[in-house]
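S.K.: With full-length UniProt numbering, the residue at position 537 of the sequence shown is 537, and numbering never jumps.
Careful, some of the hints might be misleading.
To be verified - Lysine to aspartate or glutamate pairs mimicking EDC-like chemistry, simulated, CA-CA at most 20 Å apart: (1) Lys387 with Asp79; (2) Lys382 with Asp473; (3) Lys38 with Asp5; (4) Lys137 with Glu189; (5) Lys292 with Glu373; (6) Lys50 with Asp263; (7) Lys565 with Asp604; (8) Lys387 with Glu337; (9) Lys137 with Glu88; (10) Lys268 with Glu229; (11) Lys19 with Asp91; (12) Lys565 with Asp595; (13) Lys627 with Glu650; (14) Lys268 with Glu373; (15) Lys215 with Asp251; (16) Lys382 with Asp303; (17) Lys627 with Glu373; (18) Lys249 with Asp282; (19) Lys19 with Glu95; (20) Lys464 with Asp303; (21) Lys436 with Asp303; (22) Lys19 with Glu239; (23) Lys268 with Asp251; (24) Lys334 with Glu95; (25) Lys388 with Asp303; (26) Lys50 with Asp79; (27) Lys382 with Glu448; (28) Lys464 with Glu510; (29) Lys334 with Glu373.
Unchecked claim - Label pairs and their calculated CB-CB ranges: (30) Glu39 with Pro126: 37 to 45 Å; (31) Asn230 with Glu33: 52 to 60 Å; (32) Asp195 with Phe545: 39 to 47 Å; (33) Pro126 with Lys436: 38 to 46 Å; (34) Lys115 with Trp597: 31 to 39 Å; (35) Glu463 with Phe545: 42 to 50 Å; (36) Glu33 with Gly566: 17 to 25 Å; (37) Asp642 with Trp597: 52 to 60 Å; (38) Asn230 with Thr489: 20 to 28 Å; (39) Glu543 with Asp616: 56 to 64 Å; (40) Asp34 with Ser246: 35 to 43 Å.
Because the hints were derived from the structure by calculation, they are not lab data. The C-beta atom is built at its ideal place from N, Cα and C for all residues, glycine as well.
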Amino acid sequence: MTSNDPLLQPYQLKHLTLKNRVMSTSHEPAYSEDGMPKERYRLYHAEKAKGGMALTMTAGSAIVSRDSPAAFGNLHVYDDRIVPWLAELADSCHEHDCKVMIQITHLGRRTGWNKADWLPVLSASPVREPAHRAFPKTIEEWDIERIVADYASAAQRCQAAGLDGIEFESYGHLMDGFWSPLTNHRDDEFGGSLDNRLRFTDMVLDAVRAAVGDKFIVGIRMVADEDFENGISKEVGVEIARRLASSGKVDFLNIIRGTIETDASLTKVIPVTGMRSSPHLDFAGEVRAATKFPTFHAARISDVATARHAIATGKLDMVGMTRAHIADPHIIRKVMEGREHEIRPCVGATYCLDRIYEGGEALCVHNAATGREATIPHIIAKSEGPKKKVVVVGAGAGGLEAARVAAERGHQVTVLEASSQAGGQVRLATQNPRRKELIGIIDWRLAELDRLGVEVRYDTWAEKDDVLALSPDVVIVATGGMPQNSPLTEGDNLVTSSWDIMAGSVKPAENVLLYDDNGGHQGMGAAELIANSGSRLELVSPERFFAPEMGGLNHVPYVRAFHEKGVIVTINTRLRSVRREGNQLVAELASDFADGWRAERRVDQVVVEHGTAPLDDLYLSLKPLSKNGGAVDYERLVNGGDIFPARNPEGGFVLFRIGDAVASRNIHAAIYDGIRFGIRI
C-alpha cells in the first residue's frame, strides 16, 4: 500500500535507493570488543534494521590510524581484521533492506596520548582540547602523508566489507582542525586562506576517491558554524559546504552546528532534557537551500512529528533520529502499521551518551533491551506456559515495566500502588521543571498497561492480606525505598531529606547547606531547586569531584544554575554532625584526608542526600509464604534456566523484588530488573 507520509517516501542517493527518509546517524555505543563490531554491535544495528529504518550509520568515528587511539570504544578501521565483522553487520541489516554506512576519522586532539600505544596526539596546531586534556603536537608533513593514505586504505576496507558508503567526521576532529581559526594557527600551505585550510580535506578526498572509485557513497559530517568567537562562522561554514558540494567528490553533507571541546559546548550540539528540541534543524535547512545538495542532520529530533516536518518542508533529505532509536528501534515499523502512539519516547535523559563519555556503554534510561539484544527482546513473546496471576506492588518505573512485560507474556496482572499517582521517584524527579520530560517514562508504560488491560489500583497501601486475597501465582515487590540519612555522629533529627525539597513538602530556608553523599541527580536536583528558590546554598560533597554518578552532559545545566545563582561547591569534605544553636543549625564538617580537621557552617537548614533504604516490610512478610523464599538464582538469571529455586514446598507463589526495593540504584536498574525478571515468568 502506497503511503503519502513524507517520512515513508524513498530517497535516491546517487545509485543507492533508501526506502524511507529516516536514519540513525553515526555514534559510538561502545559495544565493540578489541575494536571490532562483534555480536553485540551487530545485533544493536540489526534491531534498528528490523524496525524499518532506511539507513543505519555505524561507529561514532571508526579510527583510521594508530595514533588516533579510541576515546570511547571506537572501531579500528585501520585493522584488516575488521572487514569480516563489518561484512556480517552489513549482511544482517541488508536482510531488512536497511543500508549501512560507517563514519571514519582521525580523532586528532580529541583523545588521549596515554591510551593504546601511547603515541602522541596531533592536530593542525598545538591547541589543547579541554575535554580530553591532551596537548597535541603540530602535525608534520610526514604525518599528513601517512594519515591521508590511512584514510584511503580504511575506505577500501569498508568497501570490501560490503558497506554502502562512508562519511568523514569533521567536527572536533583532525579534519576540521585544519578548517577552524581556533585550532589552525599555521603559516604554511595548510594555514591562512580557506583554500589552504581545506587542503588536507582535499588530499583525503582525492586519495579516497582514487581508492574506492565513483560508485561508492562518500559523505561528510561537518560543522558548518562553530557558533564560537573566532571559530568557523556561519558564512565560512556555508562556503565550505558549497565547495564540498560542488567538488564532485562527496555525495551528501551531514550538518552540525557548534563545538564539542567542553561539556557545556557539547550540550548545545547534543541537547539534554529541558533544552531545546531540534535546535539546529532550521540551520541545516539553510545549508541545504544554499548548496542544493543532499543534506542529512540529527540533533535532538526525537519525535515523529518533527522528523516529518523536516522532510515535508524540504529542510532535510534524510532525518536522523539517533537517540530516539536508542529508546525505540522500531519507530518506522510502528508508523507504517498505524501504531505511532505506541512509540516509546526518547525523554532526553541522555543516560546513553553520559555513560559513553564516562567510560561505559550506551544504555537507554528506559529501554533496557537496547545494547542487550542477545538476551533481552524488544518485542516480548507470549509465554508458552500456563497463564498466571501476577501481582505487582508499586507503580514506579520498575513496577510498571514488570507489569508491562508480564502482561505482554499473556499473564493476568494487577498493580497495587500506595499513592494516587504512578511514577514513584521518576515523578519526584520531574518536580524539577527542567526535567519534566522524564514523565514520559511513566506515561508510556501506563498507556501500554491500558492497551494490555492491566488493572492499576491506586491509593492502596498493600499489606500481606491484600496480596494474598488476589490468589497470586507470582508477586513482584517494587515498593522502592525511602530516603535515608548519611551516617552522622549526631543530629539525624535535624536534617531535611532531598525528597522533602523535591516534593515541596519542606520549603528551602534562607541559608542552606546541602550534603550530597550519593552523587547523582537526586542531590543535584534538590540543589537546583534550592538555588532557583533564591536561597543561599553551599553544596558539600565527600567526593573528589561532585556528582560522580552523573555524566558530563547532564552536569552542564546544573552547574549553569549554580553559577547563575551563586552556589558554593565544596568537595572532599564530609558532614560529621549537626546541632542546634538558637534559631540556627551548626553543621560540623570533617575530612577523610586530614585527621582531626574540622570546620563549621551556621545555616538555617541542612539537606541530606544519601540514597534510599528499601521499603521491604511487605517483602519480608511474604517470604515465608513463597515457594522460593524470595531467592533468585543469579547464575541462571544471566545464563538461562529456571531462576526461582524451590525452597518451600508449602509456598503458594513465586516472590521477588526489584529496583530500589532491593537497594538504592537508578531508573535504568529498576527497569532492567522489571524486564529481565518479567520475561522469565
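S.K.: Are there hints from earlier that the structure breaks, and if so, what are their numbers?
M.R.: 1, 3, 5, 6, 8, 9, 12, 14, 16, 17, 18, 20, 22, 23, 25, 26, 28, 31, 36, 38 and 39
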